[in-house]
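Number of protein chains: 4
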Amino acid sequence: MSAALTLAEAKSVIAAVQAHGRAERMEPLSVLVLDAGGHPLAFERGDGTPPGHFTIAQAKAHGCLMIHAGGTAIEERAAAGDPFMQAAPTLFGGRFVACRGGMLILRDGTVVGALGVTGDTSENDLAAGLAGLDACGFGAEG
Amino acid sequence: MSAALTLAEAKSVIAAVQAHGRAERMEPLSVLVLDAGGHPLAFERGDGTPPGHFTIAQAKAHGCLMIHAGGTAIEERAAAGDPFMQAAPTLFGGRFVACRGGMLILRDGTVVGALGVTGDTSENDLAAGLAGLDACGFGAEG
Amino acid sequence: MSAALTLAEAKSVIAAVQAHGRAERMEPLSVLVLDAGGHPLAFERGDGTPPGHFTIAQAKAHGCLMIHAGGTAIEERAAAGDPFMQAAPTLFGGRFVACRGGMLILRDGTVVGALGVTGDTSENDLAAGLAGLDACGFGAEG
Amino acid sequence: MSAALTLAEAKSVIAAVQAHGRAERMEPLSVLVLDAGGHPLAFERGDGTPPGHFTIAQAKAHGCLMIHAGGTAIEERAAAGDPFMQAAPTLFGGRFVACRGGMLILRDGTVVGALGVTGDTSENDLAAGLAGLDACGFGAEG
Numbered sequence: 001m002s003a004a005l006t007l008a009e010a011k012s013v014i015a016a017v018q019a020h021g022r023a024e025r026m027e028p029l030s031v032l033v034l035d036a037g038g039h040p041l042a043f044e045r046g047d048g049t050p051p052g053h054f055t056i057a058q059a060k061a062h063g064c065l066m067i068h069a070g071g072t073a074i075e076e077r078a079a080a081g082d083p084f085m086q087a088a089p090t091l092f093g094g095r096f097v098a099c100r101g102g103m104l105i106l107r108d109g110t111v112v113g114a115l116g117v118t119g120d121t122s123e124n125d126l127a128a129g130l131a132g133l134d135a136c137g138f139g140a141e142g
Numbered sequence: 001m002s003a004a005l006t007l008a009e010a011k012s013v014i015a016a017v018q019a020h021g022r023a024e025r026m027e028p029l030s031v032l033v034l035d036a037g038g039h040p041l042a043f044e045r046g047d048g049t050p051p052g053h054f055t056i057a058q059a060k061a062h063g064c065l066m067i068h069a070g071g072t073a074i075e076e077r078a079a080a081g082d083p084f085m086q087a088a089p090t091l092f093g094g095r096f097v098a099c100r101g102g103m104l105i106l107r108d109g110t111v112v113g114a115l116g117v118t119g120d121t122s123e124n125d126l127a128a129g130l131a132g133l134d135a136c137g138f139g140a141e142g
Numbered sequence: 001m002s003a004a005l006t007l008a009e010a011k012s013v014i015a016a017v018q019a020h021g022r023a024e025r026m027e028p029l030s031v032l033v034l035d036a037g038g039h040p041l042a043f044e045r046g047d048g049t050p051p052g053h054f055t056i057a058q059a060k061a062h063g064c065l066m067i068h069a070g071g072t073a074i075e076e077r078a079a080a081g082d083p084f085m086q087a088a089p090t091l092f093g094g095r096f097v098a099c100r101g102g103m104l105i106l107r108d109g110t111v112v113g114a115l116g117v118t119g120d121t122s123e124n125d126l127a128a129g130l131a132g133l134d135a136c137g138f139g140a141e142g
Numbered sequence: 001m002s003a004a005l006t007l008a009e010a011k012s013v014i015a016a017v018q019a020h021g022r023a024e025r026m027e028p029l030s031v032l033v034l035d036a037g038g039h040p041l042a043f044e045r046g047d048g049t050p051p052g053h054f055t056i057a058q059a060k061a062h063g064c065l066m067i068h069a070g071g072t073a074i075e076e077r078a079a080a081g082d083p084f085m086q087a088a089p090t091l092f093g094g095r096f097v098a099c100r101g102g103m104l105i106l107r108d109g110t111v112v113g114a115l116g117v118t119g120d121t122s123e124n125d126l127a128a129g130l131a132g133l134d135a136c137g138f139g140a141e142g
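Chains as they are written, first to last, in our numbering: chain A, 1 to 142; chain X, 1 to 142; chain W, 1 to 142; chain S, 1 to 142.
It is worth saying that the hints were derived from the structure and are not from the lab.
Glycine included, each C-beta is placed from N, C-alpha and C at the ideal position.
Don't take every hint at face value.
[As the list claims (entries may be wrong)] Interface residues of chain X toward chain W, partial, derived using beta-carbon atoms under 8 Å:
#, residue
1, 11
2, 12
3, 35
4, 40
5, 41
6, 42
7, 47
8, 54
[Stated by the list, open to error] Label pairs and their calculated CB-CB ranges:
#, chain 1, residue 1, chain 2, residue 2, range
9, S, 2, W, 94, 35 to 43 Å
10, W, 135, X, 81, 51 to 59 Å
11, X, 139, W, 93, 35 to 43 Å
12, X, 27, W, 81, 47 to 55 Å
13, S, 47, W, 81, 27 to 35 Å
14, S, 2, W, 6, 48 to 56 Å
Okay, chain A solo, but in the shape it has when bound:
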């Protein structure tokens, strides 16, 4: 099996996501890394962002982890009217949201955690997250 994410790895992912956001002149981003069980490893909220950003980043990342799917697939299933996706935010106690910006973190093909990014458009949140994971050598399902 793959080794668990370390704090150093989680922080390097967050730094790489933020670097991508700045390079692309995105809005300030908030970024959360969860371990494979859905528990927070590291988080930072962009300056001047709304107080709800932790909750949103958590819902994005935690939702992906609970069903082992990327935020894009979740968003598409919800848009297609999948009734599971309507119920999922309630099922998971508010820690699920059907929109891009949540993604799985893969090491050697195994899910070792999840990443939640929020602050710009969902497309840009996703792009920053994927860029950060790639820069740190992780696979992703976004």
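With chain A fixed as given, assemble chains X, W and S onto it according to the hints.
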């Protein structure tokens, strides 16, 4: 009245569901049996499945039990826009989801419990559950 | 790092706990195995036991896992008036209880999950759990 | 009024807390900084620490912030049997715990956030937190 489900019966149902899933080369399944009051009797989560599978299997089975209906009927009512089905996940504290894979367990026509199966497509989850209940001599409403 | 618990391992632990309980003529036991992230892997509830046994077994196991401590230590700290232990059931959303019968599952000294046993006295719940883990070759902190 | 905490400041506080913990050979620490409204700004969880550390650090910090008091005063009031302190974890939805390691972050005498530290003894958690805030030029009520 019909005799309550025993633990041995619950486990034999789970084993039969898993056997069907393996025979049909389905994805690893997670299977939950609830008693007639909606409380867990036995559960197992397939290897490598996401952490949210207990929650999903519970929502499928518990929802069926709360209104004594099969998951197919629930899903169809939700798809038809039934407002009750929109509210039900919240009404039941997250233990309700309008999709196939939840089913009633019947003995002599009486509801003695509910079964929740998740892991493959909803159609396959349902098929595995029905096959398992039939193999163990139970009636079902799925 | 240590490999994650498999479903086969979780089921063998439950079977060993139940065998010990029967050999010692204990009351019917309910037994839950959680993975390292606190999510259910396998459960069975003893015949004739109250409907709340899943919730109790979950609170025992999940509480141990959240703070990486055995149920005995948790119970002793609570008995000594530790204010954290008073608050912990609320902090962890009802998935924490300060009494014996919850224990950590260790492989090569690493926490790979948690076990919750309930049904007899807390002392016996603990004894059955420890016996089952030992019989299956796991370390424990109970 | 005092300027709001920036993300850079929050991260420098966490780094200083961690540096103190390492210098004093403490157990790995988990450290959370909340803004003046009680919402997460930055967090990191020490390697190998239990999954519940975010929840505990949040309860420590959030509790202090909600009543503008340090964790030591809160713990002492709870130990003296103050009924408010018994109710507070429930009042604040699980984001309150009466033990040291939560502290207010002050700038020019004004509360600009809160810090939660957990991982070693409560005394050491508090000491690391106070050392980190002092190293970064903040006042504290711990």
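field: Given hint residue 11 (chain X) near chain W, where the shortest CB pair must fall under 8 Å
entry: For residue 11 (chain X), the interface hint holds, since the closest Cβ of chain W sits about 7 Å away, which is under 8 Å.
message: Given residue 40 (chain X) as an interface hint, is its Cβ closer than 8 Å to any Cβ of chain W?
response: holds, 4 Å
query: If you check the beta carbons of residue 2 (chain S) and residue 94 (chain W), does the distance land in 35 to 43 Å?
result: holds, 38 Å
message: Tell me if the beta carbons of residue 139 (chain X) and residue 93 (chain W) are separated by a distance inside 35 to 43 Å.
response: Given about 36 Å between the Cβ atoms, the range holds.
- prompt: Is it true that the C-beta distance of residue 2 (chain S) to residue 6 (chain W) lies inside 48 to 56 Å, as the hint says?
  reply: holds, 54 Å
Satisfaction of the residue 41 (chain X) interface hint, Cβ to chain W closer than 8 Å: holds, 5 Å
- request: Closer than 8 Å between Cβ atoms is the bar; does residue 54 (chain X) clear it against chain W? Give me holds or violated.
  value: holds, 4 Å
message: Is the interface hint satisfied for residue 12 (chain X)? The criterion is a beta-carbon contact with chain W at less than 8 Å.
response: Violated, because the Cβ-Cβ distance from residue 12 (chain X) to chain W comes to roughly 12 Å (cut-off 8 Å).
- request: Using the Cβ atoms, figure out if residue 27 (chain X) sits within 47 to 55 Å of residue 81 (chain W).
  value: Given about 49 Å between the Cβ atoms, the range holds.
- prompt: Taking the CB of residue 135 (chain W) and the CB of residue 81 (chain X), does the distance hold inside 51 to 59 Å?
  reply: holds, 54 Å
query: Holds or violated: residue 42 (chain X) as interface residue toward chain W, Cβ cutoff 8 Å?
result: holds, 5 Å
task: Take the C-beta atom of residue 47 (chain S) and the C-beta atom of residue 81 (chain W), compute their distance, and say whether it sits inside 27 to 35 Å.
output: holds, 31 Å
When held up to the earlier numbered hints, the structure conflicts with hint 2 and nothing else.
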